[in-house]
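Below are the chains, spelled out letter by letter.
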Amino acid sequence: ISYFIGSGGFRKRKHDNFPHGQRREEKENVNTPSALMTSFKSFQLELDTRHDKYERLVKLSRDITIESKRTIFLLHRFTSAPNGEEILSESEVKLDAVRRKIKQVAQELIGEDMYQFHRAISPGLQEYVEAVSFQYFIKTRSLISVEEINKQLIFTAEDREETTNMSSSGHDKQAHTWSLKVTPVDYLLGVADLTGELMRLCISSVGNGDIDTPFELSQFLRQIYDGFTFIGNTGPYEVSKKLYTLKQSLAKVENACYTLKVRGSEIPKHMLADVFSTKTELIDQEEGLP
Amino acid sequence: MSVSEMFAALQGALGQDQDIREVAGRARVGAGRCVVSAVAADGALWPQEIRKVVQTLEQTAREILTLLQGVHQGPGFQHIPKKCQKAREHFGTVRTQMESLKTKFPADQYYRFHEHWRFVLQRLVFLAAFVVYLESETLVTREAVAEILGIEADRERGFHLDIEDYLSGVLTLASELARLAVNSVTAGDYARPLRISAFINELDSGFRLLNLKNDSLRKRYDGLKYDVKKIEEVVYDLSIRGLNKEATVGAGGEK
Chain A
23 ISYFIGSGGF
33 RKRKHDNFPH
43 GQRREEKENV
53 NTPSALMTSF
63 KSFQLELDTR
73 HDKYERLVKL
83 SRDITIESKR
93 TIFLLHRFTS
103 APNGEEILSE
113 SEVKLDAVRR
123 KIKQVAQELI
133 GEDMYQFHRA
143 ISPGLQEYVE
153 AVSFQYFIKT
163 RSLISVEEIN
173 KQLIFTAEDR
183 EETTNMSSSG
193 HDKQAHTWSL
203 KVTPVDYLLG
213 VADLTGELMR
223 LCISSVGNGD
233 IDTPFELSQF
243 LRQIYDGFTF
253 IGNTGPYEVS
263 KKLYTLKQSL
273 AKVENACYTL
283 KVRGSEIPKH
293 MLADVFSTKT
303 ELIDQEEGLP
Chain B
8 MSVSEMFAAL
18 QGALGQDQDI
28 REVAGRARVG
38 AGRCVVSAVA
48 ADGALWPQEI
58 RKVVQTLEQT
68 AREILTLLQG
78 VHQGPGFQHI
88 PKKCQKAREH
98 FGTVRTQMES
108 LKTKFPADQY
118 YRFHEHWRFV
128 LQRLVFLAAF
138 VVYLESETLV
148 TREAVAEILG
158 IEADRERGFH
168 LDIEDYLSGV
178 LTLASELARL
188 AVNSVTAGDY
198 ARPLRISAFI
208 NELDSGFRLL
218 NLKNDSLRKR
228 YDGLKYDVKK
238 IEEVVYDLSI
248 RGLNKEATVG
258 AGGEK
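Those protein sequence lines, which keep their order, are chains A and B. Going from the first sequence to this note's numbering is simple: count from 1 and add 22. Going from the second sequence to this note's numbering is simple: count from 1 and add 7.
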């Protein structure tokens with residue numbers, strides 16, 4: 023009975039202390055572990071390998087998230103002023119760095135079923151979609167498609183060093199390409215988050231005296247909202263959840279347009295910023311923005 | 008493609024009904040470029056088809072379970088070989104149903120739909136392990152279970168048995184054997200619990216080698232120590248009353 027008092031508790035040290043059963047086993051078969059123990063040893067290796075890969079992917083996903091977020095903050099500093107082009111080039115540099123991380127993800131997933139590790143990389147990919155679609159909107163005033171995104175996620179072996187490593191590890195000798203496909207769900211979730219950034223862009227562009235962007239954004243956001251409404255509750259739960267926030271973002275943009283329309287002609291341009299700054303403060307407080 | 012058309016195509020990708028996708032295809036509202044995604048056909052009807060086959064598998068699993076539950080009754084012990092044989096016949100049906108399941112989705116998207124059949128697969132692993140234990144008092148290997156169920160042991164070769172599903176099924180076997188140990192004593196078989204004890208202790212040692220994450224497998228593994236405890240208590244009850252010495256078969260589990 024004392025066996026139970028000892029064995030139940032210290033899960034953390036299950037490898038340090040030889041448990042009763044294993045001690046018995048060791049006494050009986052000092053040299054040859056049983057078939058069962060051998061199997062479980064191989065299970066240990068298999069599970070460890072799987073978990074390690076998952077962790078590596080989680081880490082890559084976090085790096086992708088952080089760098090994508092920084093790109094978004096950078097893009098918010100864009101205006102049509104002279105430094106606009108600079109900001110866009112810098113954002114491209116950043117996004118290229120993110121894509122290099124995504125390439126590592128693709129390499130980890132060679133020969134694997136992507137869906138087995140999807141939860142590890144989904145957050146990072148959503149954030150990337152948000153960043154890249156934000157940049158695309160600033161450049162083209164339109165929504166990037168998932169196909170376009172995935173086209174940029176086809177990678178080839180860049181330098182000779184990489185190719186040498188690949189062939190020495192015994193991979194096939196064809197041109198080494200890796201690709202990652204952002205799933206439709208991750209794309210939708212990224213676009214839903216994009217609408218939040220576009221709402222912020224709307225408010226801040228008014229503060230900069232740009233009274234055209236808000237109306238463009240309003241129309242654009244409305245299309246996105248219509249798209250999400252069309253899907254409604256038929257998609258996965260996470261998509262439906264985003265619908266609520268999206269609706270709020272759209273409302274804020276529409277209210278900004280209303281204010282511009284009603285009061286825009288009355289107020290001199292240089293004072294428009296004041297009209298909206300109060301609203302912006304209120305919004306910032308709601309959302310806990312830094 | 009306009010934003011709206013993009014979303015219409017995307018909705019198809021989320022796996023929705025055929026007629027909605029047709030309506031979406033006709034939508035032409037909004038500005039912007041448009042690319043009708045091939046993804047529209049992606050996965051529309053697979054989940055429904057998968058669910059249908061999984062239900063048939065669950066039915067067969069229930070039949071096997073009902074059959075094997077009989078070993079816990081007194082007279083049931085004598086009929087063990089017959090029950091195992093009948094169970095094996097039912098596994099033939101399982102194999103046929105598995106063949107059907109494999110055709111319901113693209114072979115390289117196993118994990119996308121894994122959750123649909125995970126439960127029934129774990130259940131079937133348990134049942135196969137139970138049959139093999141009743142026949143030979145050994146732990147069925149992963150390869151053997153895969154063969155019984157008509158699937159592969161390796162992912163690369165097709166519809167396979169995931170290692171975690173195998174381990175979950177084995178843990179369910181442990182609980183069943185704990186119950187069997189108790190009922191064996193009630194039915195007058197004092198030797199079986201001793202053999203079960205040795206088996207479960209070895210199983211416990213095996214599981215202790217694994218580094219598990221805090222997931223459902225870990226939770227199920229946490230139940231194993233209670234099974235071990237229950238069986239040890241049965242063995243203890245027998246030994247202090249000298250009943251284990253009456254056991255006709257030599258006991259494998261010394262204390």
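Bear in mind the hints are in silico, worked out from the structure with no lab data behind them. A hint or two may mislead.
[Claimed, not checked] To be clear about the criterion: a stretch of chain A counts as covered by chain B if any three or more of its residues have a C-beta under 8 angstroms from a C-beta of chain B, and this derived list gives those stretches:
(1) 62-69
(2) 87-101
(3) 134-144
(4) 238-246
Every residue gets a Cβ at the ideal spot worked out from N, C-alpha and C, and that includes glycine.
Hints versus structure:
no.	hint	in the structure
1	62-69	holds (count 6)
2	87-101	violated (count 0)
3	134-144	holds (count 5)
4	238-246	holds (count 4)
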